[in-house]
Amino acid sequence: MERPLTKNIRPDGKPVFIKEYESLGGYQSVKKALKMQPKEVTELVKKSNLKGRGGAGFNTGLKWSFVPMEGEFEHKYLVANGDEMEPGTFKDRLLIEGDPHQLIEGMIVTAFAIQADEGYIFIRGEYAYAADVVAKALAEAYEAGYLGSNIMKTGYKFNLHLHTSVGRYICGEETALLNSLEGKRANPRAKPPFPQVSGLFGQPTIVNNIETLCNIPHIINNGVEWYNGLSLTPGDGGTKLFGASGKVKKPGLWELPFGVTLRELLEDYAGGMQDGLKFKGCLPGGASTDFLVAEHLDIKMDYASVAAAGSRLGTGTMIVLDDKTCPVGMVLNLEHFFAQESCGFCTPCREGLPWTEKILRKIEEGKGEMKDLDILQFHTKFMGPGNTFCALAPGAMAPLQSALKYFREDFELHIKEHKCSWK
Amino acid sequence: MLTAEEIHEIKEEFHLYPYKQAACIEALKVVQKHRRWVSDENVKDLAGLLEMSAEEIDSVATFYNLIYRKPVGKYVILLCDSVSCYIMGYETVLQHLERTLGIKYGETTKDDRFTMLPVPCLGTCDHAPAMMVGKDLYRDLTPEKIDEILNSYK
Ligand SMILES: Cc1cc2nc3c(=O)[nH]c(=O)nc-3n(C[C@H](O)[C@H](O)[C@H](O)COP(=O)(O)O)c2cc1C
Ligand code: SF4
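Order-wise, the sequence lines are chains Y and U. Position in the first sequence (first residue = 1) + 95 = the numbering used here. Position in the second sequence (first residue = 1) + 3 = the numbering used here.
If you are wondering where the hints come from, they were derived from the structure by calculation, not from laboratory data. Please note: incorrect hints may appear among the correct ones.
In silico DSSO-like pairs for lysine-lysine, Cα to Cα no more than 30 Å straight-line [said to hold, decoys possible]:
#1 Y:K457 x U:K107
#2 U:K107 x Y:K231
#3 U:K138 x Y:K102
#4 Y:K231 x U:K47
#5 Y:K279 x U:K73
#6 Y:K231 x U:K138
#7 Y:K252 x U:K14
#8 U:K107 x Y:K514
#9 Y:K518 x U:K107
#10 U:K36 x Y:K109
#11 Y:K457 x U:K77
#12 Y:K109 x U:K157
#13 Y:K373 x Y:K457
#14 Y:K345 x U:K138
#15 U:K73 x Y:K130
#16 Y:K109 x U:K138
#17 U:K113 x Y:K279
#18 Y:K114 x U:K138
#19 U:K23 x Y:K286
#20 U:K148 x Y:K518
#21 Y:K462 x U:K107
#22 Y:K109 x U:K77
#23 Y:K453 x U:K73
#24 U:K107 x Y:K453
#25 Y:K279 x U:K157
#26 U:K23 x Y:K231
#27 Y:K279 x U:K148
#28 U:K148 x Y:K373
#29 Y:K279 x U:K138
#30 U:K107 x Y:K419
#31 U:K148 x Y:K109
#32 Y:K279 x U:K47
#33 U:K107 x U:K36
#34 U:K148 x Y:K345
#35 U:K47 x Y:K344
#36 Y:K252 x U:K23
#37 Y:K419 x U:K148
Part of the chain Y face toward chain U, derived, beta carbon under 7 Å [stated by the list, open to error]:
#38 E167
#39 G220
#40 F296
Virtual Cβ for every residue (Gly too), placed ideally from N, Cα, C.
All chains should be built: construct the whole structure from the sequences, respecting the hints.
Structure follows, in C-alpha cells:
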C-alpha cells in the first residue's frame, strides 16, 4: 500500500529538513510544474479528484479554477490553513512537524497554478514547535532558491511567510482566517464575493488545508491515474490521514486509501476497544460531525458513503465513545466548546449555543425535565444549515442532533433518575 | 511607555502588510512577548503607533484567548478540556493541578510561577490528556508525570 503523504515521516516524527528531503526526491514537482502552463496544473489537479481535506471536501482544482487568470492584480495570495482546532483532529500537526518541505513544495506548485506571488502559512498559536520547524524550513527553501523573486531561475516569484495565530477555533473558517490575517477580529465574511475573487486585502486568494496542499507534489510527479488508483472509491482521489482517539487500544493516525471501512479502522488499526469496554458510537471526522453507531461499522470511509449514513467524513479523525463514558457528558463537553468558540457575530449562534450548553448541564446534573429534550431538538433545527452566518453553529448541532437520535434513552435516564448513572 | 526595542520590532512588522493596522495582532504579540501580558496603558500606546483607536485595538485583543489582558505568571499552563481529553479523563489531571498548585482556572500561583487556563483541543488526541506549559507540549498525562513536569519549571 502506497503512503505518499507520510512516506518521509520518521517513526519519532522528527522533521525531515532540506538535504534529506531533496535526497528523497523532494522539489521535483516544482521543476516539473514550472515547465507547464498554470492552467494545465489546475486541470491536472481537478482531474485527480483531490477534495479539500479541511472538512468540506470540495474539489481542489475546481476551487483554484475560480481565481481570475486574466487582468492585473496588486497581488494574488495563497494561504495554508493550519489552524487545526476542530476537537479530535490531530493530522495537520504531523504533516507540518514531520515533513515541512512537502507542504512548502505543495504551496509553490499551487501558487504557480493560480499565479499567486504572496503566501502565508497560518498556524495556530499553540503549535509552537510546528512553527519553529516551518520557520527553519522556509529559511532553507529561500536559501536553496525554491522561494523568492526568481524561483529556480525561471523568473517566477513567490514569497511565503509564516503567521502564528493567537487562538479561537473560528480562525479556521476561511473568511474569518482572512480577517485574522488582516489583523482584525476573526468574524467570518459574507460570501459572495468568494475569496477566490476577493480575499486577503481584497485580492484573489486561495485558502487550502495543510493536508490538501501536501497532496499536490505527488499528483504532479505521478499523474492523475496513479493518484486515483490509490483510492478504493472512484471519485475520491488519493489517500487520507485517518485517526482515532478515545478508549481504543491503539489510538493513532494512519494514511489509508479512501474506502476502508469504519470497522477496519477501529479493529485493525486502532486495535479495537480497550478491555472491558464496548463501542457505543463515534464522531467520524471531528467534533462537528454526526455520531455513527454500531450499525454503521461496515460503511466505507469516503465522502459519499459517510454522508449517506447521515454524517460527514469531516477531517477523517474519529472520536470513539465507549459504553462507560456518559454520552450526555460528552455532548455537554462538545457544546461547551462550541458555545465558547462562537465568534458572537450572529444571534442564533451567540445566544443559542450557551442555551444548549446550559440545558445539557442541567440534564447531566440530574435536574433535567422531559421538555428540555424538546428545547434541544428545537435548537438543532434553529441553528441548522442556512440559519446562521457561518458553518460553526450547524457543525455544533451535528453531534447533538445525532446523540438525541441514537442515545435518547440515555438522556431520558438522566432525567428519570435525577442523576448521571455513569459517574 | 513601549520600549525602543518593542517599537522597533513592531515597525519591522509593518513591512509585511499593506497598511499599519493589519499589524495589530503582531504588535500585541510583540508587547506580550516582552511583558507576558498587555495592559491598558500598552493598548493606548499601541493606538498611537498603529494609528487606531485604543477601543479598536482592545476589540481585537479581547477577541483572542492567547492575548492576555490580565497579568499572568512566568509560565502559562494550558490544559486541554476538549472531547478526547474529556473521554480520557482530563478532570483528574485538573484536580491534581488545582491541588498541587493551589489555584483554579484563571489564577496565578503566589510565587508568580504558573497561571492555569483551559484551552480547546491541542491536536494531540491520540495522546490525551494533554497540556502545554509555556511553549512545551506534554501528553499522556498522569498525576505522577505532572509532578515531574512542574518541578522542571523554576
Ligand atoms: C468553524 C470552522 C472551523 C474550521 N477550521 C478549519 C481548520 O482548522 N483547518 C482547515 O483546514 N479548515 C477549517 N475549516 C474549513 C475552512 O473554512 C475551509 O473550508 C478549508 O480551509 C478549505 O480548504 P480545503 O478546500 O483544502 O479543505 C473550518 C470551517 C469552519 C466553519
Ligand atoms: S454562526 Fe456563530 S461563529 Fe459563525 S458567524 Fe454566527 S456567531 Fe459567528
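Sort out which numbered hints this structure fails and list those numbers smallest first. 2, 4, 11, 15, 17, 25, 27, 35 and 38
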